[in-house]
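Residue numbers (the working numbering), protein chains in the order written: chain A, 1 to 639; chain B, 1001 to 1101.
All clues stand as given, with none of them false.
Sample of chain B residues at the chain A side, in silico, Cβ under 7 angstroms: (1) Val1020; (2) Phe1023; (3) Leu1024; (4) Val1093.
Anything over 10 angstroms on all C-beta distances counts as not near chain A; from chain B, calculated: (5) Ile1003; (6) Trp1007; (7) Ile1018; (8) Met1034; (9) Leu1038; (10) Ser1046; (11) Gln1060; (12) Val1066.
Keep in mind that the hints were calculated from the coordinates and are not lab data.
Cβ coordinates follow ideal geometry from the N, Cα and C atoms, glycine included.
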Amino acid sequence: MTGNPSLHLWLIPVLPFLGFLLNGTLGRKLPNALVSAIALLFTAAPLAIVANIVLSFGHLQLPYREVLAPWIETSAFRADFAFMLDPLTLIMLLVVTGVGFVIHIYSVGYMADEEGYWRFFAYLNLFMFFMLTLVLAENFLLLFVGWEGVGLASYLLIGFYFTRPSANNAGKKAFILNRIGDFGFLLAMFLLLAHFGSLSFDQVFYAIAIHPEMQGGFITAIALLLLLGATGKSAQIPLYVWLPDAMEGPTPVSALIHAATMVTAGVYMVVRSHVLFDRSPFSLGVIAIIGAATALFAATVGMVQTDIKRVLAYSTISQLGYMFLACGAGAYAAAIFHLVTHAFFKGLLFLAAGAVIHAMGGEQDMRHMGGLRKAIPITFWTMSAGVFAISGLPPFAGFFSKDAILYESFASPTAGPILWFVGIFTALLTAFYMFRLWYLTFFGESRSEHHPHESPWTMLGPLVLLAFLSLTGGWIGIPKALGGGDQFARFLEPVTGTPVHRAGASDNELLFSVISVVVALIGVFIADLMYRRKPELAGQVAGSAKGLYNLLVNKYWIDQLYQGAVVTPLLFASRYLLGGLVDRGLINGGGSLAAGGVRGVGSLVQRVQSGNIRSYAGWLALGAAALLLITYFGFSMHL
Amino acid sequence: MTIPIAWYLVLSAILFCIGVAAFLIKRNIITVFMSIELMLNAVNLSFVAFAYQWHRLQGQIFVFFVMVVAAAEAAVGLAIIIAIFRARSTLNVDQVNLMKL
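Isolated chain A (complex conformation):
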């Protein structure tokens, strides 16, 4: 249909799948070196293909579509195995294959001594397959396949150490909460099908575009259901509780799936279907509120966590909240921008945390770390880049993307100054808890007998690379107010359109940047005061606000609330109402009743079969007599 050369997009997801098949079937018998070679090869190849596409991207007629084969064909509905490529897909592809490949390299070093090395890489490649399917899909149904698939891979990898009950439970928790979100996604697809007769992005969005009267109503219903799906996958309120527990998985998994790629699928999906959301200001408002609330909420919990990975997990939830805030404000380009920079610096932070844990021989509690700056300098410096980036200090990547989000949400009609204030306050908390982590881990006196050692180069190489990206990644989207050209947003414009409120309001953008930097510096200052200069101060603050501190340490008792309000009643209902009453009572009882009835009638009737010839003869005679009587009286009555 267009003059585009064939790009063979299908190769991008299929290659990691081949790696999965090879490692999954033969991996057990192969040496570790070969397993890692297979895994790396089949993730490097898609990266190479994507890089090749980038080179020729300027000449392509967009969006580029590729229909491989019909999938479902009925008279009323049709879905194809179809892939598409546009600027948004390209960015996601670069993030997934790029960060994915880097984390694969890191895993070679990190997992070197682990049991089930081949299994780990098989799952990781499987994840890549589904994630790439998700971002390449041209219709909601194929996107959903990837969506479910990454959930599966996430489940398998969270429960990687399957001998640990906590890991198994965490995997199940993640899967079940995602299922709740998927339920919303499925309903949204049914509604789309009912109203548009198609699940293809192209057809649905075109149908919306040519019907300007479609506002609110069922569009809001679809948007809110899609949002439910997104809150499950992207760990937003109310379905976020699985992500902190997902830290049971190996650290590279936390970096790849639970920070850089999979959890951003919800953001990607919202941006991908922004045409829908744009028609429903109400649902945009809901997204903005959920995003801002999640960002603030998770940041407050992150302030008091002592497990280094859990701090990062809450930080991830918080940062995803920023992306949702941006989506809600209609600033889709800013959301994707933050998604990209977040993938860099949060991937880096997790990998660096993994290196720290590696150095400490498995210790994850920050209270037992300290003073690691001298012992593991490369990890320290690279992690510092991540800490500075997430805290929003210029010129690191996080500064630009977070600034774009805050600025646009202030100006947006669906977000507004209140949510902007929540966002800016969260930025303060972010700077505080990240520098708290930094000081607790790397500064002060060592609080452990362990002798830390620097990680191997397979782990440090990815750290250095990601640190470089965390420093420079934001420069692709420097706003005009700071002397840049806002290239990132312009690159995405064919997909996201230009936000209306953007035009003309750039005079005070500099002011907003200054405010956010000042706020971040305040956060850094407080952390510096409490955890470096006066370490005893932290305890005093916690002691003086005991109620608040307890609330935060216990994560607002949300887990307990869900346990009490949902899990226990559900278990009770299924055990006693469904299990006891319906299963054992109705179904089992009904069966027993039928069987008992048949047995009772049988025991009554079997008396006829006495074995006594004369009784048989008697019955025979009686029967004959009865027949005679019936015929006689019957005839006489009719005649």
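Here the structure of chain A is known, so what remains is to put chain B in place on it, guided by the hints.
Below, chain B without anything else, positioned relative to chain A:
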């Protein structure tokens, strides 16, 4: 004078009922067996009576068939009775109830 057909039929019915009653009451297999023969012959009597009444030959022919079947039945039945007696050393039908569950 001709005897009305009703008399034959009544006699046949009486004989048949005696046969049935004997079949139900008697315990000795041989007596039971004999009562069966009695029932067969009661039926034969009604066949012959009707044949005579309507001047048809079929009834008479049927009687021959019944007698042939009765003879064959007697042969088989007596063989069974002997077999039972050998196995059980009794001819009481109430004790021949091995078929009972």
